[in-house]
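Based on the provided sequences and hints, a complete structural model is requested.
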Amino acid sequence: MYTMKNYVQVQSLEEAYELRTKNKNNVILGGNLWLKMTTRDLSTGIDLCNLGLDRIEEDESGYAIGCMCSLRDLETNVSMETEFGGAVKDALRHIVGVQFRNTATVGGSVFPRFGFSDVLTLLAALDCEVELFNKGRVSIKDFILDSPDHDILVKVMIKKDKRKVVYETLRMTETDFGVLNCAVSVKDGKYTIVLGAAPRKAKMVEVDPCSNWEDKEAKDAWLEEVVNQYIFGTNMRGSKEYRRAMAKVLITRAVDRLGV
Amino acid sequence: MKITVTLNGKRIEAEITPDMMLLDFVRSQGMKSVKRGCDTGNCGLCTLWLDDKPVLSCSTLAARANGKKVTTLEGVQEEAKEFSDFLAGEGADQCGFCSPGFIMAVLALKKENPNPTAEEMKEYLAGNLCRCTGYQSQYRALCKYFGIQEV
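If you're matching them up, the sequences are chains B and G in order. Okay, so the first sequence: first residue is 1 according to the numbering used here, each after it adds one. Okay, so the second sequence: first residue is 1 according to the numbering used here, each after it adds one.
Simulated from the structure, these hints should not be mistaken for laboratory data. Yeah, the Cβ is synthetic: ideal placement off N, Cα and C, and Gly gets one too. Please note that a few of the clues may not be correct.
[Stated by the list, open to error] Some chain G residues close to chain B (C-beta under 7 angstroms, calculated; not the full set): (1) Gly41; (2) Asn42; (3) Thr47; (4) Lys53; (5) Pro54; (6) Val55; (7) Ser59; (8) Val76; (9) Ala80.
The structure is reproduced here in structure tokens:
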């Protein structure tokens, strides 16, 4: 457990950023689930809970998800469930339990860019940007490639662009981290395939569909070509060879579910 | 720092340290049903309701409860008794260590979704671990409580 000398509910993002950049031991508080697992001596915990960032705003073009929304807020959002065909719920439902997802925040889940993140894997398959206080709007692809710094994640913006998306995950037990996470979306005949927990940060590639999905040879060649674009690693949950083999299985399931 | 919390219907003011967890705060106020199990946010034993939503009190800062309603098992005695009878009827209460957090999750499910399917029920309660029952007796008790045909 960490120690923390001060706790501040800031009145503005400017105040939060000033505090954050003043001292490396001043931290932005998300759901506190990961931070609590550290043994750091923190100076000030900066809480954004009074800034109205616990809402999901929606208009005809898309969603703006405040960083203080809980993962459960995302999971139970009826409009997003309809828009993305249940993929949001599929990506979140296995994360520990309801009380965990009520505690965890979107900002705390996305900003650290954890390799095991189900949320990041899903977002990378969507037309998504993050709004950072200092850097402004950044595509999810560039955001994932970048490393966490002193900036503040304010909102996650997802466009409604009529894409179809599905989420698949392989877990040793129901509520464990994924051995491999997979999100596949299709828009205008192009697939976006994202693999997370490989065990690196989620990576997306854009590919044309298989020329003949019903033909085993063509399908195997296509899957081989797709998985060759990822680097797989070994950790306590699985070997790189196992992950590589399972990637083909998850992608196949996802493509089958997309039905295009 | 000072916080004001409505704990089980009673408004209280108390001094806390900035890094105090809600779990330690409610225990300091006499709510000893709330316990630290895994301390990694995974077992659900410390579950209580913050503004009526089940959260992990081992990972929630007490400071964040300022101005909010906090409910522990001590605050829902009647409902807990009703469900506990189902647990006892199936012999599901062995060491009983996990029961407080588990019951808070079950009652939260009942409020959110009074008629869950077996799958919805299992998914909602997946974040509550039990170290001794193997879950079968709890599952039978839950099915009877929610009126679900066992599968």
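Hint check results:
no. : hint  : result
1   : Gly41 : 5 angstroms, holds
2   : Asn42 : 6 angstroms, holds
3   : Thr47 : 5 angstroms, holds
4   : Lys53 : 5 angstroms, holds
5   : Pro54 : 4 angstroms, holds
6   : Val55 : 5 angstroms, holds
7   : Ser59 : 5 angstroms, holds
8   : Val76 : 15 angstroms, violated
9   : Ala80 : 17 angstroms, violated
Comparing the model with each earlier hint shows violations of hints 8, 9; every other hint is respected.
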